[in-house]
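Position chain A relative to chain D; hints supplied.
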Amino acid sequence: MDPKDEQPFNREPWRRLLGADSGAPTQDMDRRVLSEAQRALTPRVGRWWLPASLAASLLLAVLIVQWQLADSGAPAHVTESDVMSAPAPIATDEAAPAAAMESANPATKLPPPLMDSPTLDSRRASAAPEVAQSTADAAATAAPAPVQEQAGAESAVTAGMLKEKESYAESRTPEEWYADIEALRTAGRIKEADAELARFKSEYPGWLERHQQQNP
Amino acid sequence: MEERDADAQLMLRYAAGDAHAFEELYARNRAGLWRFIRRLVRDAAATDDVFQECWSRVIGSRERYRPTAGFTTWLYRIAHNCCMDHWRKSARRAVHETTDDDAIAAAADEPASGPSAIADHDEARGRLKLALARLPEDQRVAFLLYVEGGLSVAEIAEQTGAGVETAKSRLRYAVARLKEALGNDAPLD
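So the protein sequences, as listed, match chains D and A.
To convert, note that position 86 of the first sequence is 1103 in our numbering; the numbers rise steadily by one, no gaps.
To convert, note that position 88 of the second sequence is 94 in our numbering; the numbers rise steadily by one, no gaps.
So that you can see chain D by itself, here it is in the shape it has in the complex (with noise of 0.2 Å):
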């Protein structure tokens, strides 16, 4: 735009001249509008903090209620391995191995299988070690489970389940013991499978080979 256009006259004598006396705006009214302007920025804050803080607070909540589950060794942190780390049963009866080989029906007898979730099995990896430690230190009483490695809820590793596994544990027949051991060997936990093997046999001393000539 031409210059020209922008000041056809010089609006500052004009300014000066009708600005003198021509009053203002009171006191009341100043205070009205810089206390409207104040209060405009107020709820910009508790916009940002209301969510902020409440979001603060659930996480809090939720941080404490699994610390104090962790604490007390309830089944947030419990693994797999730990599930499955049951007393196994004691043999009195030299003939019961026997009996128990020609009764039982593994098939009918499976465990309710284990949910597991990525936190599971996250956990699971962090703890490889002292899952290992623990396997090892169970000697004659550890006894693992088929490994069903589905999503599930963590809240599923109830104490209920527990009990469950360890009741499986301590009535499972020499087959479905055998058999768990293969479906841990198979799961890559050799480790486990090695020493639940050595239970195995120190609970069943002949009946892998007498197994072996019968399956070959």
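Some hints could be false.
Far from chain D, some chain A residues (derived; all Cβ distances over 10 Å) [as the list claims (entries may be wrong)]:
| id | residue |
| --- | --- |
| 1 | 11 |
| 2 | 12 |
| 3 | 18 |
| 4 | 73 |
| 5 | 93 |
Chain A stretches covered by chain D per the calculated footprint, using a threshold of three residues with CB under 8 Å from any CB of chain D [what the hints assert, rightly or not]:
| id | stretch |
| --- | --- |
| 6 | 26-37 |
| 7 | 53-64 |
| 8 | 170-178 |
If we take Cβ atoms under 10 Å as the criterion, some of the chain D residues that face chain A in the derived model are [what the hints assert, rightly or not]:
| id | residue |
| --- | --- |
| 9 | 1026 |
| 10 | 1030 |
| 11 | 1046 |
| 12 | 1049 |
| 13 | 1051 |
Derived by calculation from the structure, the hints in this document are not laboratory data.
For glycine and all other residues, C-beta sits at the position ideal for the given N, C-alpha and C.
Just chain A now, with coordinates in the frame of chain D:
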């Protein structure tokens, strides 16, 4: 232009949450804006209402403000829109030209003015107010937007919905009438 930039910066700072920036911005513009509104609506109570409404819109629009035009231009556009809303509401914008009696009454109603003020040493200012009040509304709006609002001719044209030549013509007529009323007291270009 630097003044305009300073106002725009203050407005941006206020939009970012700086309340002190608004205080400064308000202090710089309050008197001019109030006079502008006062001379357009010519009613003391209405002036307060329109003035507050104008700043409320400024506050409410802070996050949408972009310094593409000068802050003053933006502010006086809002003020002019508020005045037009006031006219619509009060249905008093039926005539574009006020009668001499109306204009004199309105000018006399202004603070620190009126017949006694005219008779004082401030006679020139009093005559200017009367002459301004007698101007046709389009010319008065154009003159006030130019002088008080600092808008350019093109901005006045855009704001009032007129062509640039029309806006320029209105300004020219307004100044001619005001100079005629002021005689030797008229400012020199």
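Which numbered hints fail = When the structure is compared with the hints, none of them turns out to be violated.
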